[in-house]
Amino acid sequence: MTKQPNRYTKKIYELAGRSLYFPPFIVALVVLSVTLLPWQNARHNLLSSQQKAIDSKTKSVEAVIQNKFNDYENKLSSGVALMRANQDVTKQQWQDFFNTSATTENIADNEIIGYLKVFEKQNKSEIEQFAMSQGYKDFYIHPDTPGDQLSSSVIFVHPLSNNNMSTVGLNMLAQNDTKEAAMRAITTASPALSKLSESDSDSSYGDESLIMLVPNFANKTKNVTQEQRRQNLQGYVYTQFQPSQLLDELLQSQSRQQHFSLQVYSEEIKPSNLLYQTNNYNDIEGDERNSKTTRGVSLFGATWKMSYQFDDKYVVSTSERSAPTVVIAIGMTLSMLVFLATLSFFKRRTKELQEQKDAEVDLAKDELLSLASHQMRTPATGVKQYVGMVLQGFAGEVDPAQRLLLEKAYDGNERQLHVINQILQLAKLESGRIVLAKHPTDLKKLIEDVVEEQQAVASEVGHSLKAVVPKQPLMAKIDQHMIRMVLENIVSNALKYTLKAGTITVKLTQNKQYAIIAIADTGIGIAENKKEEIFKQFTRLHTNQTAGVSGTGIGLYLANQLVNLHGGTIELTSTEGKGTTFIIKLPKRQMKIKPSSSNISN
Amino acid sequence: MSKLKQKILIVEDDTSISEAYQMILEKENYQVACAYDGNEGLKKLGSFNPDLMLLDLRMPHLDGVGVLEKMTPKQKKDTSVIVLSNYDMQKEIDEAYKLGATRYILKSWASPVDLVQLVKRSISE
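Those protein sequence lines, which keep their order, are chains A and B.
Just so we're aligned, residue 1498 is where the first sequence starts under this note's numbering, counting upward by one.
Just so we're aligned, residue 3 is where the second sequence starts under this note's numbering, counting upward by one.
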């Protein structure tokens, strides 16, 4: 796969080069910002959902209150109808009416419903007489209102409990808030609910009471103008209640179930105007913006201000509430996944490109090595052939003088070729380009070949070179090309370092694991302290006797590396002045390679 | 031993080398033919039917490995192949052996004497 990146991707890889994390980060950021839009949407939806929920809850609270007051209105109006229908309504009739009235079904027994008779002061005695006739003991009209012309008195009240009895004779118009509501009722000719007055501020919360009045006009038809109404006013049917108690009955359970707290104020939201507060007031917590609201309810001329605090957790369902969080969580997870995926892609791609580059470099190295080797060898090869041919007599007989010169040329050329070989092998070794190709090889035949090839060189100096091998083939799994080089190198060394006519023997034996090749010579030997050194690179044996011997000192180093690669060893025994024996051990079968210092692959 | 001369085909694009080899081998009484690239080599392999072929690895048009690939099994049986090169590339050497070459030699290693010895040994196998 050699996909070449185009210009743009190259730019991206350049960026990635500076920091591998940069492009994935950008991509992740893009993904994250894309999720911002749905997140906003979700938040917006949540907000309007919450608004709707709050609206509906507050509306249901208002409905409950409105219904209650409508019931009151019905009840009071029926009382007015009673007064109109009958000329002289008695106390008993009042009781009977409200005991059995159908409209009382929805209303609790302890709700007060009474009749406040309005009269001119001078007619006071009439009222007192009436009261006596009704059987009220100790009836007296109180308090006295010195300035006003009009007075009033409660003459009927239902139910007739002891508490309620004490209100009989009460001049309710003397109270400012009642008076205000009463006047309002005349002005509007409709029911009026009293408002908390300033004077009530000294009574503590919970004790206040409100009163709702429906006016009773004598003449049904002539009640158009204010004046007429005042003229015709007979009295008021009223109900009196404690708003805290009433609202508690109406709303406490609802507030608990719907998870909100509520404060109800008369007219204005200030502490002195507090009518009612749910008992979970301090428990409910919520976010200012979304869960707190104030509504106003209009009730028969009075306004109640309702201050709600909703519990965030319950306004909308938990799943709805968590929707924006879920969206952003998904967004972040997604962008994290994208980040990781992009990162791994870039890592992989960078690695691929690097490997590609490495492979290209390796290929270039190979080409260079092969080119160098060829260019250096070709001219020398030609010389070798032609000078060799002259020496062989191809161009006629060669006299000794000519032979001498020609041989010098030939030898020089040989040395050159030898050096080229060694340097190239070394280069390959160092760059890790050597790969062993191991096949089962007959070592017997290999040794015989090598020995035979070196006979010419041996006989020139007068050495005796022989192979001592078993009759049968000896197979070992080796790279024959490499091992041949090793043998050639060591044999050639043996020949070189044996000065006089000597004996060089190549002996092949084996044990259970190894094939053993022993190359023995009768040469100058190697000093004890030099035995390890000669395997090192660029070391040559330097003695007086070896001054004439050529060599780059690469051979044994190379031979050792190659044998090690096969899992084998080269050892030597030597006596200075007597001779040297190199012992090469090669595993017959595949063995684990011990790690060596060079980076050759196998 | 056949009375006929043994035949050797030299497939090599470097004429100075092939001429030298030809001279050396003809002196040893072999019948020698030359080809200068792989395609020509294959042709002459068919027509000349040598006992031994000296095959250079790097040649124009068709290289040594290509020739080995295109040889028929019969040809491989009848003709020993010695592969020559001055490049000494491991991959090529392995390929050559895998495809049935008897021997690989570095050209710069073989003196005239070496060449003759090598041919004598290989041709009789």
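Just so you know, the hints here were simulated from the structure itself, not pulled from any lab data.
Don't be surprised by glycine CBs; every beta carbon is placed ideally from N, CA and C.
Just so you know, not all the hints are guaranteed correct.
Listed below are the simulated DSS-like cross-link pairs for lysine-lysine, each with C-alpha atoms no more than 27 Å apart in a straight line [as the list claims (entries may be wrong)]:
id : chain 1 : residue 1 : chain 2 : residue 2
1  : A       : K1974     : B       : K29
2  : B       : K45       : A       : K1941
3  : A       : K1556     : A       : K1767
4  : A       : K1941     : B       : K72
5  : A       : K1810     : A       : K1692
6  : A       : K2004     : B       : K122
Calculated from the model, a selection of chain B residues having no Cβ within reach of chain A, i.e. all distances over 10 Å [stated by the list, open to error]:
id : residue
7  : Y23
8  : N41
9  : K72
With the C-beta cut set under 10 Å, the calculated list includes, among others, these residues of chain B facing chain A [unchecked claim]:
id : residue
10 : D39
11 : R60
12 : L64
13 : V67
14 : E71
Comparing the hints with the structure gives:
no. : hint                : in the structure
1   : A:K1974 <-> B:K29   : violated (39 Å)
2   : B:K45 <-> A:K1941   : violated (37 Å)
3   : A:K1556 <-> A:K1767 : holds (23 Å)
4   : A:K1941 <-> B:K72   : violated (32 Å)
5   : A:K1810 <-> A:K1692 : violated (35 Å)
6   : A:K2004 <-> B:K122  : holds (25 Å)
7   : Y23                 : violated (7 Å)
8   : N41                 : holds (22 Å)
9   : K72                 : holds (23 Å)
10  : D39                 : violated (17 Å)
11  : R60                 : holds (8 Å)
12  : L64                 : violated (19 Å)
13  : V67                 : violated (14 Å)
14  : E71                 : violated (18 Å)
Comparing the model with each numbered hint stated earlier shows that hints 1, 2, 4, 5, 7, 10, 12, 13, 14 do not hold.
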